[in-house]
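There are 4 protein chains.
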Amino acid sequence: MRIGLIGLGKMGGNMRERLRRGGVEVVGLDHNPAISDAADEADLIAQLGDGPRVIWLMVPIHAVDALIETLKPLLSPGDIVIDGGNSKWTHDARHAAYLADAGVRFLDCGVSGGVWGLENGYALMVGGPADAVEIAMPVFEALKPEGEFGFVHAGDHGAGHFAKMVHNGVEYGLMQAYAEGWELLETAEIVKNVPAVLESWREGTVIRSWLLDLMTHALDADPHLDGIEGYAEDSGEGRWTVNAAVDLAVPVPTIAASLFARFVSRQEDSPAMKMVAAMRQQFGGHAVAPAKD
Amino acid sequence: MRIGLIGLGKMGGNMRERLRRGGVEVVGLDHNPAISDAADEADLIAQLGDGPRVIWLMVPIHAVDALIETLKPLLSPGDIVIDGGNSKWTHDARHAAYLADAGVRFLDCGVSGGVWGLENGYALMVGGPADAVEIAMPVFEALKPEGEFGFVHAGDHGAGHFAKMVHNGVEYGLMQAYAEGWELLETAEIVKNVPAVLESWREGTVIRSWLLDLMTHALDADPHLDGIEGYAEDSGEGRWTVNAAVDLAVPVPTIAASLFARFVSRQEDSPAMKMVAAMRQQFGGHAVAPAKD
Amino acid sequence: MRIGLIGLGKMGGNMRERLRRGGVEVVGLDHNPAISDAADEADLIAQLGDGPRVIWLMVPIHAVDALIETLKPLLSPGDIVIDGGNSKWTHDARHAAYLADAGVRFLDCGVSGGVWGLENGYALMVGGPADAVEIAMPVFEALKPEGEFGFVHAGDHGAGHFAKMVHNGVEYGLMQAYAEGWELLETAEIVKNVPAVLESWREGTVIRSWLLDLMTHALDADPHLDGIEGYAEDSGEGRWTVNAAVDLAVPVPTIAASLFARFVSRQEDSPAMKMVAAMRQQFGGHAVAPAKD
Amino acid sequence: MRIGLIGLGKMGGNMRERLRRGGVEVVGLDHNPAISDAADEADLIAQLGDGPRVIWLMVPIHAVDALIETLKPLLSPGDIVIDGGNSKWTHDARHAAYLADAGVRFLDCGVSGGVWGLENGYALMVGGPADAVEIAMPVFEALKPEGEFGFVHAGDHGAGHFAKMVHNGVEYGLMQAYAEGWELLETAEIVKNVPAVLESWREGTVIRSWLLDLMTHALDADPHLDGIEGYAEDSGEGRWTVNAAVDLAVPVPTIAASLFARFVSRQEDSPAMKMVAAMRQQFGGHAVAPAKD
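Residue numbers (my numbering), protein chains in the order written: chain A, 11 to 303; chain B, 11 to 303; chain C, 11 to 303; chain D, 11 to 303.
Next up, chain A with everything else stripped away, as it sits in the complex (with noise of 0.2 Å):
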């Protein structure tokens, strides 16, 4: 099997390795010439041979678009075009028709796994046509997870985004509740050892969890986390689960808790909490605390 992997960052550069671990031959571009193994598409396209080619794309959700534009005209009938970005679902169907023009099959993945998965494996969401996804079987099988576990055919075009997306969600959520839990026991002082709680809990508890062991390593590093300010960037899929959640009517409380404290943490200062001294300045003439420069 041999197949093309445009884009190799963080993401694209560790499943390129894991691919070739696996036996899957890669012809990688990226717009970096140094890590490239083409020159740009129509030569990573050449390279590949006779089809059906499988070429797969790992690059920022902005990129895509005009990346598709650009492989269009350079592909054959049969061949297949895996975005296994952090694309958003709803971007996939639009995907996979303007490439059915040309005959070109489409594939949305959703990865999972992080910088940990060139070792332990990449979980994987897709979601299109099931002949194309058979054929590009040996590609997912060397990146998934040795078990049996990792790989899931999700169902039509989007889905597979779609389910890595509510993954991304639940993980949102996961995070915010495990973090609330570690604020309450630094600040409750009854508590005298607070990381070796945390490392007792990944066995025999309820709450023991691959994040849970994540934490743990953290506090080996840094045991009350000076070094790290609280501030949290989110990735996008937080925001379209909670849109979609309020599109479909599903309430999601947790998750959108879990969000807003993101947003919250990167806010030099608070307007909202600005109107609620000024509020209480108004009615009860509080003392406000004036604004920093």
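Accuracy of the hints is not assured; some may be wrong.
Since the list gives no way to pick one copy over another, a pair counts as held whenever it fits inside one copy or between any two copies.
[Stated by the list, open to error] Here are the computed lysine-lysine pairs in the DSSO-like style, where the Cα-Cα straight-line distance is at most 27 Å:
#, residue 1, residue 2
1, 302, 98
2, 20, 98
3, 98, 202
4, 202, 20
5, 82, 302
6, 202, 302
The hints are simulated quantities; they were obtained by calculation from the structure and are not laboratory data.
Once you've looked at the hints, dock chains B, C and D against the given chain A.
Frame of chain A, contents of chains B, C and D only:
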């Protein structure tokens, strides 16, 4: 009608003035002798003459126990003590029982109105026996607003402070909801004159209210609240509301969210968000912001 | 001043009446001929005579596109179309551009006031060009409340509906906060006369508002709301508010919680809570309640 | 090592078995004589022989006070009482002081593991003096999982139950986050095989955990949980977590939201949503659903 009023701070001082305007004689006592009408509790009781005497307490919650202990031996059967401060409703039955030993009656009275109460009147929520309420009625009449509303005998001991506590819990939720809406208007660039929008809401809309009026006053002085830090204290009543709701299995998502927003507003940095950032770094290699000194 | 008003339902019908009381001639059109003043759109336009004509749309959001398509060929340069319905603010710029081809101007107008608007006036939040606002001003004057508030020109296309959307989002939060407080009073047995407590809050308190007045009216008729099911629709504006906030990274915990509470209120059974029950059974052997038929 | 174990219910019974498998002699006592090894507390103490005796309590929280009163006169200086039940951490110092009068030492021990603890071991979070922990260590060793995790001496009296309480609070948040994600997958029609998606998440993903494994077991038996009502009890620890957080000004939005979701799941009808519906009817003339009998 003559009463003793102990505690002449921001609230108590104004209440003395409103009572006097309403024809109630007030003997005031404060730890500041410059504004006191009596030298001490004994002097105050002496000045009230024959009973049944009415003594209104307007002191911080932590000072109530000691004050009632001081008063008890000075009082006579039939006298009435009214706790008008922001005391916790669970304390009232205890205070009532303690004073009942000496034949002294106890009323708890939640007072709302803030700095505007002097002119507009104070809303009063009273708990305790009906006979004591009847005796103190001229006091309540002088303090309450002029119209048909603003006074309720809510039930037995604790009912007044409980009603006031819920009032404050609701207040937290209302303030937060308005503040969120204002932040959204401020953040979206589509609305050009946010203070004018809030001003327009003051008549004809579903959300017109006194708090909305106050918001517009605050924006008159500082259109973007640039001079105010987004930092909000809580007085305890919001916490009691959430805790009471939890104990009674009543879901209070907005009141709790409002309280938590205040907690967050007072944190220099969020421990929970440090942990979220730490987890993201662990699994995704995402950069973390180093803590500021 | 004469205008065309299309859509004479609960809102539109009352608005026609208020406009006429205010001296504005109204040619009304509805799918119900019995209450219409015109046979169809063409007849309505004809009855309006020379321009600039003002046509006010008061129809459901899903009917707006088709109606504007019908109107466009009937209108003349300089005419003004006002969308006063609960349309989504993101549609307004599109409608404006579509009509601009024909030289027709467009205004979006968020309208608040419900069934009380006929007597109290309607609060109006308008988006679009100032020259069109000026021409339509007599219409706005007739609809708005009599005092100094209740009207704002909020910005360009979409600003009116955006301001109305935020108004409704805030409304969700306010309603939920009051409702939580009421449930807490109802559940705690300490307060003996809950409607009297709410009644007392109508003057002197920080939380006095028109919504509070309405709550007391509802309790006058049904002191425990025994006759009403805890089931609340949402009109879409709450969802748009949350989605807009998410897109702008504005934390809206109380507005989101209010929306989710409505979602839950409409579920026969909660899938999420089925899963929580299933997990409890799995790890703890806790009994689950069998599903009801 | 020989210990007394009082309370042989779902947890205690399995713990006796695991202790015996681990070489600890157990004298069990239960209100059910058929499964007891002793006639009563006195008999149990007698069977334990010379001290320092270790007595493990595994009874409901409301039974602990009386049981400790019964035991105190039967015990000798140096004996150790361990409260392994779901007791509130604030009770522990009181129990410790009460027993200290008689020279008896007290340990609190939070126990996690549920019905799986017999095979997998129980996670143990212990509070109290180090000398008592050391004496009881063989008991802890037999109960805990085999690996390096699953046991912590968290601090002095109350620290064990506090850590367990936070564990359970986190558990609420995790369960709710997963449940929300599952509901979203179930509701959206795009994903065709939801159980397969959850199954796939068990390896390689960021959200893999034991709770996720349990979810997939539940879905194996009932793919849409049709047989389970969305009704979830709470054991008290979630409430204590929220209350402790409120008291310490720690924001816990997801844990609180999880708790409130359980509260709602148990309501036949929601008073709060009755009021929301009533308000909508009042201002908008929106129809309300009549209450069901």
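Hint check results:
Proximity of residue 302 to residue 98 under the C-alpha cut-off of 27 Å is found in neither arrangement, the shortest distances being 39 Å within a copy and 35 Å between copies. Proximity of residue 20 to residue 98 under the C-alpha cut-off of 27 Å is restricted to the intra-copy arrangement: shortest distance 20 Å within a copy versus 40 Å between copies. Taking the shortest alpha-carbon separations for residue 98 and residue 202, only the inter-copy value of 18 Å comes in at or below 27 Å, while the best intra-copy value is 45 Å. Neither within a single protomer nor between protomers do residue 202 and residue 20 lie at most 27 Å apart by alpha-carbon distance, with minima of 38 Å and 31 Å respectively.
With identical chains, the CA atoms of residue 82 and residue 302 are never at most 27 Å apart, being 54 Å at best within one copy and 48 Å at best between copies. Only between protomers do residue 202 and residue 302 lie at most 27 Å apart by alpha-carbon distance; the minimum there is 26 Å, versus 35 Å within a single protomer.
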